[in-house]
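Engineer: Okay, here's what each chain looks like letter by letter:
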Amino acid sequence: MSRIRHYIDLEKAYLYLGVYTLKEYPLDSIIWIISIILREITGFIGVLLIARSLDGINGWDFYAICVLFSMAMLTESLGQSFVDSVWSIGSHVRKGKFDTYLTRPAPVLMQLLGSRCNFQAMSTFTMALVILIYGWEHIGIPLTIGNILFVLEFIICGTILNTSIYLAFNSLNFWLVNSGNVAELALTFRQFSKYPLSIFPKLIIGVMTYMIPFGFVGFYPASYLMGKTDWNVPVLLPIVMLIVASAAGLIWRTGMKGYNSTGT
Amino acid sequence: MKKFYYMVRMVFMEKMAYMKALLFDAAAALASIFVYYCLWRVVFKDRNEMQGFTMVEITTYIILSRTLAMQFSEGINREFALWIYEGSIGTEMLRPVRLFTNLFSRRVGEFLFYITFKAVPIMLLAFLLLGGAGPAGGINLLLFLLSVLISIGIMFYVEMLVGMGSFYTLTHYALGYTKTAVLDLLSGSVVPIFLFPGFIQEILTFLPFAGMVSVPINIFLGKYTLRESLMYIGIQCFWVIIMYFLAHGCFHKVIKKVVVQGG
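As you go down the protein sequences, you meet chains A and B in turn.
Each residue of the first sequence is one higher than the last, beginning at 1 in our numbering.
Each residue of the second sequence is one higher than the last, beginning at 1 in our numbering.
Heads up, some of the hints might be wrong.
Each computed BS3-like pair below joins lysine-lysine, with the alpha-carbon atoms no more than 30 Å apart [claimed, not checked]:
hint, chain 1, residue 1, chain 2, residue 2
1, A, Lys202, B, Lys15
2, A, Lys228, B, Lys45
3, A, Lys97, B, Lys15
Partner residues aside, some chain B positions facing chain A, computed with beta carbon under 10 Å [unchecked claim]:
hint, residue
4, Leu39
5, Lys45
6, Val190
7, Phe206
Pair by pair, the computed Cβ-Cβ distance ranges are [unchecked claim]:
hint, chain 1, residue 1, chain 2, residue 2, range
8, A, Gly258, B, Gly131, 26 to 32 Å
9, B, Val120, A, Val19, 44 to 50 Å
10, B, Met19, A, Ile139, 34 to 40 Å
11, B, Ala26, A, Ile41, 42 to 48 Å
12, A, Arg104, B, Lys253, 44 to 50 Å
None of these hints come from the bench; they were simulated from the model.
Cβ coordinates follow ideal geometry from the N, Cα and C atoms, glycine included.
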């Protein structure tokens, strides 16, 4: 019990640390916020402009695209806010930084994830919520308790799922120390998740559903909300999340076991 | 000139060290070309043309725009910001070359590397896989290349300005991301400029950013008459000159601050 309390205290300390870094350079934080909003918006405007000048993409109209895009953005921005340091595994391995972590009395993964919070990304989270509500209203998705619970479930499970995929890809750095950043490949696949999956060839749909299930951080949950799928997404989502999270955990643990300090 | 040549060569060699990272860059670029290709294929499912563009022409637009836009996430703004941030700018200024020449030669080296190992292979592969229209004519191809070359000038000064901006913000990634996002949108690389609402279209075509993606590709596809092509290239040159004065003016201000802080 006291162990768990210790971990909770530690996590709190990490969160405080995040707030302090935010306040350290205020001007820089503001520019950060503007820049991530701009980055998300450019991608968003692209699809919106296409959807606007036509009558939707494959049955996905302007507002449906809003819902899809905002849902994918919710998970991504939460991940950026709290566990963005999953992206530093590669540089940690190269610089031998895990040596320090290994000597401390807390799980290495927890220390890693806590080491950097970018609370600036909460601005995109808020923006995503606003876009979601806007699209939701126009489509007229019923505001039932079930749907609201589903969105909450999605935000939690989706973020864990998203982060797990990133963790799995980033853990490959344990084996491929000298090959640039393998993990960037995950971002390449993620590009597909921001659009209605149904526009892609079957092969890609298959990959995004069964192999690297980015489909579940946007497309399937959004389809479920708008009644575009027969799949029971509320049940499937946690199952997919558990499978991917355990797989990612396994890859991470195997990598950490074979971790040799670079000696620097 | 000899100095310039050696500096260009140096950067080229430096970049060669990151050959493996190149594979992932290429994969990402091809994937993004493919995503946009699928998106547009749906758009053209029940129509043959849109605003004078056919699917084959749009395919060319996607391939060229995504490849040209790969340069946005790079550029010398990162390096320049790092120099200011770490104070090594002092050493760089002591070199027997002017700082702008120094950085410009780096940019040219980067550009040559980008052309040989990124742009040409990715474009060829994408054209082979997806098809797409070739240049409308020999003169179009030549003017396209000219326009791309001039756009390096505009990009260089934009990068210099962004790099100087990070002097005030202390870390450099954020401004770099903003640059990428803004250029992506305003240059017409995410969506062709003709999809923007009317008056925004007008504004965008006369801003310096259109010259980086939209103008060269429209010339390539023969969407502009010879007269229009030359006019747009003229506008590009005009912006290079404006940006030249802007960048140099700002530099004089920024550099005084460096001296005050002692580097």
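Engineer: Should the hint that Val120(B) and Val19(A) are 44 to 50 Å apart at their CB atoms be regarded as holding?
Structural biologist: The hinted range 44 to 50 Å holds for Val120(B) and Val19(A), with Cβ atoms some 48 Å apart.
Engineer: Hint says 44 to 50 Å; check whether the CB-CB distance for Arg104(A) and Lys253(B) agrees.
Structural biologist: For Lys253(B) against Arg104(A), whose Cβ atoms are near 46 Å apart, the range 44 to 50 Å holds.
Engineer: Answer holds if the nearest beta-carbon of chain A is closer than 10 Å to that of Val190(B); otherwise answer violated.
Structural biologist: At about 4 Å, which falls below the 10 Å cut-off, the nearest Cβ of chain A leaves the hint on Val190(B) intact, so it holds.
Engineer: Tell me if Phe206(B) is really an interface residue toward chain A, meaning its C-beta lies closer than 10 Å to one of theirs.
Structural biologist: Given a least distance of 19 Å, the restraint on Phe206(B) is violated.
Engineer: Just to be careful, I want the Cα atoms of Lys228(A) and Lys45(B) compared with a cutoff of 30 Å; is the pair within it?
Structural biologist: Given that 30 Å is the threshold and the Cα spacing comes to 21 Å, the pair holds.
Engineer: Taking only the CA atoms, is the gap from Lys202(A) to Lys15(B) under or equal to 30 Å?
Structural biologist: Judged against 30 Å, a Cα distance of about 37 Å means the pair is violated.
Engineer: In this structure, is the beta-carbon distance linking Met19(B) and Ile139(A) contained in 34 to 40 Å?
Structural biologist: Distance hint for Met19(B), Ile139(A) is violated at roughly 48 Å.
Engineer: Restraint: Leu39(B) near chain A, CB-CB cut 10 Å. Satisfied or not?
Structural biologist: With a minimum Cβ separation of about 6 Å from chain A (threshold 10 Å), the hint on Leu39(B) holds.
Engineer: Classify the hint on Lys45(B) as holds or violated, based on whether any CB of chain A lies nearer than 10 Å to its CB.
Structural biologist: holds, 8 Å
Engineer: For a C-alpha distance cap of 30 Å, please report whether Lys97(A) and Lys15(B) respect it.
Structural biologist: holds, 26 Å
Engineer: When you take the CB atoms of Gly258(A) and Gly131(B), is the distance between them in 26 to 32 Å?
Structural biologist: Violated: the Cβ-Cβ distance is about 46 Å, outside 26 to 32 Å.
Engineer: Look at the Cβ atoms of Ala26(B) and Ile41(A) and judge whether their distance stays inside 42 to 48 Å.
Structural biologist: For Ala26(B) and Ile41(A) the Cβ distance comes to about 27 Å; the hint is violated.
In this structure, the earlier hints numbered 1, 7, 8, 10 and 11 are contradicted, and the remaining ones agree with it.
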